[in-house]
Amino acid sequence: MLTFTIRRLILAIPTLLFISLVIFLLLELAPGDPMAQVPLTVPPEVKEKMRLALGLGEPGYIRFYKWLVQFFWVEPQVLFDHMFGTTFSEGKLRIISWQTRSPVMDVVVERLPQTLWVVGMSYIVGILIALPIGIYSAYKQYSIFDQAGTFITMIGYSIPPFFTGPLIIVIFSVNLGWFPFIYDTTHEVVDWESFVKQLRQMIMPVMVLALQTTAQISRYMRASMLDNLNQDYVRTARAKGLSERVVVMVHVLRNSMIPVVTVIALGLPAIFGGAIITEQVFSVNGIGAQLIGAIQANDLPTVQTLTFMFAFLIVFFNLIADVLYGILDPRIRYD
Amino acid sequence: MTDTTNTEPTTPERSQWVDVWHQFKAHKGALLGGIIFIVIVFGVFIGPWLWPYDATYIDIRSRNQGPSLAHPFGTDQLGRDTLARMMAGGQTSIAVGLTAMLLALGLGSFVGIMAGYFKKLDGPLMRLTDLFLALPILPLLLVMMMLFREPLSSAVGPERGIFILIVVAIGITSWMPTARIVRGDVMSLKEREFVLAARSIGTSNKNMITRHILPNVLSPIMVSATLGIANAIITESALSFLGLGFPPDFPTWGRLLNDAVQYLQDYPERVFWPGLAISLTVLSVNYLGDGLRDALDPRIRGR
Numbered sequence: 001m002l003t004f005t006i007r008r009l010i011l012a013i014p015t016l017l018f019i020s021l022v023i024f025l026l027l028e029l030a031p032g033d034p035m036a037q038v039p040l041t042v043p044p045e046v047k048e049k050m051r052l053a054l055g056l057g058e059p060g061y062i063r064f065y066k067w068l069v070q071f072f073w074v075e076p077q078v079l080f081d082h083m084f085g086t087t088f089s090e091g092k093l094r095i096i097s098w099q100t101r102s103p104v105m106d107v108v109v110e111r112l113p114q115t116l117w118v119v120g121m122s123y124i125v126g127i128l129i130a131l132p133i134g135i136y137s138a139y140k141q142y143s144i145f146d147q148a149g150t151f152i153t154m155i156g157y158s159i160p161p162f163f164t165g166p167l168i169i170v171i172f173s174v175n176l177g178w179f180p181f182i183y184d185t186t187h188e189v190v191d192w193e194s195f196v197k198q199l200r201q202m203i204m205p206v207m208v209l210a211l212q213t214t215a216q217i218s219r220y221m222r223a224s225m226l227d228n229l230n231q232d233y234v235r236t237a238r239a240k241g242l243s244e245r246v247v248v249m250v251h252v253l254r255n256s257m258i259p260v261v262t263v264i265a266l267g268l269p270a271i272f273g274g275a276i277i278t279e280q281v282f283s284v285n286g287i288g289a290q291l292i293g294a295i296q297a298n299d300l301p302t303v304q305t306l307t308f309m310f311a312f313l314i315v316f317f318n319l320i321a322d323v324l325y326g327i328l329d330p331r332i333r334y335d
Numbered sequence: 001m002t003d004t005t006n007t008e009p010t011t012p013e014r015s016q017w018v019d020v021w022h023q024f025k026a027h028k029g030a031l032l033g034g035i036i037f038i039v040i041v042f043g044v045f046i047g048p049w050l051w052p053y054d055a056t057y058i059d060i061r062s063r064n065q066g067p068s069l070a071h072p073f074g075t076d077q078l079g080r081d082t083l084a085r086m087m088a089g090g091q092t093s094i095a096v097g098l099t100a101m102l103l104a105l106g107l108g109s110f111v112g113i114m115a116g117y118f119k120k121l122d123g124p125l126m127r128l129t130d131l132f133l134a135l136p137i138l139p140l141l142l143v144m145m146m147l148f149r150e151p152l153s154s155a156v157g158p159e160r161g162i163f164i165l166i167v168v169a170i171g172i173t174s175w176m177p178t179a180r181i182v183r184g185d186v187m188s189l190k191e192r193e194f195v196l197a198a199r200s201i202g203t204s205n206k207n208m209i210t211r212h213i214l215p216n217v218l219s220p221i222m223v224s225a226t227l228g229i230a231n232a233i234i235t236e237s238a239l240s241f242l243g244l245g246f247p248p249d250f251p252t253w254g255r256l257l258n259d260a261v262q263y264l265q266d267y268p269e270r271v272f273w274p275g276l277a278i279s280l281t282v283l284s285v286n287y288l289g290d291g292l293r294d295a296l297d298p299r300i301r302g303r
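Chains as they are written, first to last, in UniProt numbering: chain A, 1 to 335; chain B, 1 to 303.
There's no promise every hint is true.
To be verified - Calculated lysine-lysine pairs in the DSBU-like style (CA-CA distance at most 30 Å, straight line):
1. B:LYS25 x A:LYS140
2. B:LYS119 x B:LYS190
3. A:LYS140 x B:LYS28
4. A:LYS66 x A:LYS49
5. B:LYS190 x B:LYS120
6. B:LYS206 x B:LYS190
To be verified - Simulated restraints on C-beta separations:
7. A:HIS82 x B:PRO151: 38 to 44 Å
8. A:ILE171 x B:LEU50: 32 to 38 Å
9. B:TRP51 x A:VAL109: 50 to 56 Å
10. A:ILE171 x B:ILE35: 27 to 33 Å
To be verified - Over 10 Å on every C-beta distance to chain B, these chain A residues come out as not near it, computed from the model:
11. THR5
12. GLU45
13. TYR65
14. GLU75
15. PHE80
16. ILE127
17. ILE129
18. TYR142
19. GLN231
20. ASP232
21. VAL323
Hints are computed from structural coordinates only; laboratory data are not their basis. Note that beta-carbon positions come from the ideal geometry of N, C-alpha and C, so glycine has one too.
Input sequences plus hints: build the corresponding full structure.
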């Protein structure tokens with residue numbers, strides 16, 4: 001198991017390097033110039049110095065190397081310093097945003113909690129709804145509940161979040177006035193009342209994202225349960241007189257969860273992608289909104305860092321899914 | 001092999017595609033989905049010929065109207081007829097969906113067949129597929145739109161430039177599932193007797209692929225085609241919705257939705273039509289794919 005994990009870990013490194021190279025090369029082609037805003041009265045040699053200060057003007061491979069060092073070496077040091085009060089990162093150049101002239105990571109750290117709250121919450125809610133639906137519709141295959149479940153998951157697949165978002169805003173904010181439709185990111189939870197307010201503003205974005213999660217995972221859960229329900233061991237369990245509840249909820253469920261757990265791990269990065277749109281709809285000030293803002297402002301270091309962070313999440317959760325599968329299903333460990 | 005000489009066929013012999021059609025008909029959702037999709041496509045491409053208003057015709061005196069007999073879907077902030085704009089938007093959205101699907105399908109089938117058929121190419125091509133699967137698609141699409149929008153627009157004109165850009169961007173980021181499915185099928189086909197028989201009479205690789213392998217992997221390709229259309233339409237709408245798709249005066253369903261969201265407080269009903277069009281198209285295409293998968297699978301067919 002350990003060698004399996006280590007091998008997967010080593011394979012992830014070239015993947016990440018390749019992706020960072022693709023992103024870097026793509027951005028190399030960018031036509032935008034960060035010096036375009038500088039007044040024409042500034043002499044050319046000063047402009048040249050400003051370019052150098054921004055880390056431009058050097059050959060591409062040096063900048064790529066520097067970016068890699070900054071991302072993988074300097075930024076972790078800053079984090080370490082912040083946590084333990086050490087001074088490893090003093091005087092080292094961090095990834096600087098062209099837009100705000102401050103380190104990209106500082107903005108990311110500011111905005112990440114918003115995204116994590118909404119995304120994480122919606123994923124948990126989605127899973128909690130999806131699992132019982134999947135189990136029950138597999139157990140009662142072709143029943144009315146199953147047919148309705150299939151239809152609803154089809155809808156969940158087909159209706160994009162940028163339609164469900166405005167739709168539930170119209171229904172619940174404009175017509176019914178139950179929830180606020182702009183997410184207040186400055187809101188802090190101090191007492192019960194503010195907690196309720198936080199809950200109310202989170203309900204709609206969480207609902208939109210959870211619909212997609214529910215649709216996907218309940219489908220997988222149902223298929224996986226159906227695979228297992230006809231197996232011989234289920235008949236054996238029934239034959240030796242176990243109650244129906246124990247057969248389904250213990251024997252079948254445990255075996256059916258194996259593929260579902262990996263699907264859950266694999267789906268998490270996609271949810272971050274969906275959060276880009278949901279954040280835009282509900283004006284949540286998360287990293288998705290930061291990415292869109294950076295793209296519109298032609299802020300290449302921020303775009304590069306954020307895109308790579310999304311890629312990192314995908315590779316990381318793929319790795320987790322692989323390892324989980326290996327742990328849960330001993331047949332998979334082909335080492 | 002059973003002896004077929006003394007068993008008279010009770011029904012006239014049917015070709016494979018008749019069988020497929022019979023199975024497909026039995027799937028009510030798929031049939032309905034197919035009909036709705038055809039109706040949408042025809043409505044969107046033939047509708048503008050019959051409808052008196054033009055999508056770009058501005059009638060400022062009748063702006064912000066609700067649904068009426070003259071304008072069944074109402075008008076927008078410049079008095080343009082929403083139904084006409086929906087039809088014009090649908091043309092673009094569906095055209096983008098179909099072309100991007102064809103590109104992704106071509107790429108995916110090519111990679112899949114190459115990887116499945118030639119053992120030497122299998123390793124590198126599948127590593128490439130894995131790498132592409134690990135790319136963050138939506139952020140990368142946004143970045144590509146940002147970078148190449150201006151140069152392409154100035155080279156071939158704003159609308160065509162964006163069209164090419166969106167189609168290519170969606171195409172090269174969504175071929176991977178097709179490649180994987182096709183590769184798996186090709187690998188199992190390669191072990192079958194008819195391939196051995198064809199090889200024994202000296203069939204060249206090119207003929208082997210075009211005459212024996214390709215017709216047999218057609219069904220997974222067709223199923224992923226339907227899913228590809230749905231995916232491409234959603235992606236294009238998402239890009240337009242985020243303001244990084246087609247230019248503002250050029251309607252697509254995503255763009256119309258984005259415009260409607262800006263007037264959400266005053267005219268909430270405007271969100272409904274473009275959203276419904278996207279969802280209905282994608283839903284019908286998904287059901288169509290579901291039915292096709294059942295109909296093209298000979299193990300399920302006939303049950």
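To see whether the hints hold, each was checked on the structure:
no.	hint	result
1	B:LYS25 x A:LYS140	holds, 25 Å
2	B:LYS119 x B:LYS190	holds, 11 Å
3	A:LYS140 x B:LYS28	holds, 21 Å
4	A:LYS66 x A:LYS49	holds, 18 Å
5	B:LYS190 x B:LYS120	holds, 15 Å
6	B:LYS206 x B:LYS190	holds, 14 Å
7	A:HIS82 x B:PRO151: 38 to 44 Å	holds, 41 Å
8	A:ILE171 x B:LEU50: 32 to 38 Å	holds, 34 Å
9	B:TRP51 x A:VAL109: 50 to 56 Å	holds, 53 Å
10	A:ILE171 x B:ILE35: 27 to 33 Å	holds, 29 Å
11	THR5	holds, 18 Å
12	GLU45	holds, 29 Å
13	TYR65	holds, 21 Å
14	GLU75	holds, 19 Å
15	PHE80	holds, 26 Å
16	ILE127	holds, 22 Å
17	ILE129	holds, 20 Å
18	TYR142	holds, 13 Å
19	GLN231	holds, 19 Å
20	ASP232	holds, 21 Å
21	VAL323	holds, 16 Å
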